[in-house]
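Trainee: Given next are the chains, with one letter for each unit.
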Amino acid sequence: MAEIHAPGLAHHFDSYQQQKEAAFFGMWVFLATEVLFFGGLFCAYLVYRSANPEAFAAGSRELDIVLGAINTAVLIGSSLTMALAVHAAQVGKRKMIAAWMGATILLGGTFLGIKVVEYSHKIHEGHFPGPNFVWHGPEVNVEMFFNVYFLMTGLHALHMIIGIGIMLVLIPLAWKGRFTPESHNYVEGFGLYWHFVDIVWIFLFPLLYLLDVG
Amino acid sequence: MSEHITPIRTYLLIFFALMILTVVTVAVAMVDLGALNDVVAMGIAIFKASLVVLFFMHVKKSRLMTKITVVASAFWLLILFGLTLSDYVTRGFL
Numbered sequence: 000m001a002e003i004h005a006p007g008l009a010h011h012f013d014s015y016q017q018q019k020e021a022a023f024f025g026m027w028v029f030l031a032t033e034v035l036f037f038g039g040l041f042c043a044y045l046v047y048r049s050a051n052p053e054a055f056a057a058g059s060r061e062l063d064i065v066l067g068a069i070n071t072a073v074l075i076g077s078s079l080t081m082a083l084a085v086h087a088a089q090v091g092k093r094k095m096i097a098a099w100m101g102a103t104i105l106l107g108g109t110f111l112g113i114k115v116v117e118y119s120h121k122i123h124e125g126h127f128p129g130p131n132f133v134w135h136g137p138e139v140n141v142e143m144f145f146n147v148y149f150l151m152t153g154l155h156a157l158h159m160i161i162g163i164g165i166m167l168v169l170i171p172l173a174w175k176g177r178f179t180p181e182s183h184n185y186v187e188g189f190g191l192y193w194h195f196v197d198i199v200w201i202f203l204f205p206l207l208y209l210l211d212v213g
Numbered sequence: 000m001s002e003h004i005t006p007i008r009t010y011l012l013i014f015f016a017l018m019i020l021t022v023v024t025v026a027v028a029m030v031d032l033g034a035l036n037d038v039v040a041m042g043i044a045i046f047k048a049s050l051v052v053l054f055f056m057h058v059k060k061s062r063l064m065t066k067i068t069v070v071a072s073a074f075w076l077l078i079l080f081g082l083t084l085s086d087y088v089t090r091g092f093l
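Line by line, the protein sequences give chains U and A.
For the first sequence, position 127 (counting from the first letter as 1) is numbered 126 according to numbering that gives the first Met the number 0, and the numbering increases by one without interruption.
For the second sequence, position 42 (counting from the first letter as 1) is numbered 41 according to numbering that gives the first Met the number 0, and the numbering increases by one without interruption.
Just so you know, the hints here were simulated from the structure itself, not pulled from any lab data.
Just so you know, not all the hints are guaranteed correct.
Claimed, not checked - Here are the simulated DSSO-like cross-link-like pairs (lysine-lysine), alpha carbons at most 30 Å apart as the crow flies:
1) Lys94(U) with Lys59(A)
2) Lys92(U) with Lys19(U)
3) Lys66(A) with Lys114(U)
4) Lys19(U) with Lys60(A)
5) Lys92(U) with Lys59(A)
6) Lys66(A) with Lys92(U)
7) Lys175(U) with Lys94(U)
8) Lys175(U) with Lys92(U)
9) Lys59(A) with Lys19(U)
10) Lys114(U) with Lys60(A)
11) Lys175(U) with Lys19(U)
12) Lys66(A) with Lys19(U)
To be verified - Just a sample of chain U residues kept apart from chain A, beta carbon distances all over 10 Å, derived:
13) Ala5
14) Asp13
15) Ala57
16) Ile104
17) Gly112
18) Tyr118
19) Ser119
20) His123
21) Pro128
22) Asn131
23) His135
24) Val168
25) Asp197
Ideal placement from N, C-alpha and C gives every residue a C-beta, glycine not left out.
Chain U on its own, in the form it takes in the complex:
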């Protein structure tokens, strides 16, 4: 036990490089499972939309394009601040890591706040699937659109809540100088997760909000 490790290098790795490659490969394999996790819902979207095209178009018209577009911009902005946090880690600016992650939390929180406004509006209108679902239009099966809408955006929002929780753990670590230019896999690995969540929304926005607006 007297063996001395380099700071931030776990004893079962030979070098920072090897540690980093192992961490990133693991992270990318995890993201591959996430692609298929969301992929199942995208598949459901595809099947139910092709079976109920009018219902999906009608349901989509109920969504607020302005709020959806603002949220898309907010989330892309949070990807930028996260990328800048990773950059700060690479060049060893510990306070900037914490600051950019703080900005990422603010933008992520803004996204979730707008989502809450959208959800409560939809629930008040009786568009939440279940026994209280209300639809006055001539289209049938519009409930299927809202099933898919709430499931996909809900799973996406859950990922953002988890991401914000992880950042709340990482920020104090960054502030204390835990991450160095040689060893900051938590920050960079988390960055991959956050960008993945951004990518999911990049597909959700046109598929849910922009059907049949023309």
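Got chain U sorted already, so can you dock chain A onto it with the hints?
Mentor: Chain A only, in chain U's frame:
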């Protein structure tokens, strides 16, 4: 092997490209192109996702192992879509 550090300038350029493409997506959706609307929307979304993967997620400068994993994710997703649709699309054929 030294670590490649993406310059901040690149991140800003990608950010502005993603913002412009978001505006383009909304603008194109306002024009009725029929079935083409979906094709254009998904084309832009795939392009935006590629920018995020290549630059924000550093895949452009990553090892071959990472690139293979990314391509494998997309490939498995296509299997999921392909096999599911091979059922639903062909149900009317009988």
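Trainee: If a hint holds in the structure, say so; if it does not, say that too.
Mentor: We went through each hint and held it up to the structure:
1. Lys94(U) with Lys59(A): Cα-Cα ~28 Å, so holds.
2. Lys92(U) with Lys19(U): holds (19 Å)
3. Lys66(A) with Lys114(U): violated (33 Å)
4. Lys19(U) with Lys60(A): holds (14 Å)
5. Lys92(U) with Lys59(A): The given pair, whose Cα atoms are some 24 Å apart, holds under the 30 Å limit.
6. Lys66(A) with Lys92(U): Satisfied, since the Cα-Cα distance of roughly 29 Å is no more than 30 Å.
7. Lys175(U) with Lys94(U): At roughly 9 Å apart (the allowed maximum being 30 Å), lysine 94(U) and lysine 175(U) satisfy the hint.
8. Lys175(U) with Lys92(U): Holds: lysine 175(U) and lysine 92(U) sit about 11 Å apart, inside 30 Å.
9. Lys59(A) with Lys19(U): Measuring from Cα to Cα gives roughly 17 Å; hence the hint holds.
10. Lys114(U) with Lys60(A): violated (35 Å)
11. Lys175(U) with Lys19(U): holds (21 Å)
12. Lys66(A) with Lys19(U): holds (15 Å)
13. Ala5: holds (16 Å)
14. Asp13: The claim stands: aspartate 13(U) keeps its Cβ more than 10 Å from every Cβ of chain A (closest is about 13 Å).
15. Ala57: Holds: least Cβ distance 16 Å, greater than 10 Å.
16. Ile104: Given that every Cβ of chain A is farther than 10 Å from that of isoleucine 104(U), nearest at about 17 Å, it holds.
17. Gly112: Given that every Cβ of chain A is farther than 10 Å from that of glycine 112(U), nearest at about 19 Å, it holds.
18. Tyr118: holds (21 Å)
19. Ser119: holds (24 Å)
20. His123: holds (26 Å)
21. Pro128: Proline 128(U) clear of chain A: closest Cβ-Cβ about 21 Å, beyond 10 Å.
22. Asn131: With a cut-off of 10 Å, asparagine 131(U) remains clear of chain A, as the shortest Cβ separation is near 30 Å.
23. His135: holds (25 Å)
24. Val168: holds (21 Å)
25. Asp197: Non-interface label fails for aspartate 197(U): nearest chain A Cβ at 6 Å, not farther than 10 Å.
Hints 3, 10 and 25 from the list above are not met by this structure, while the remaining hints are.
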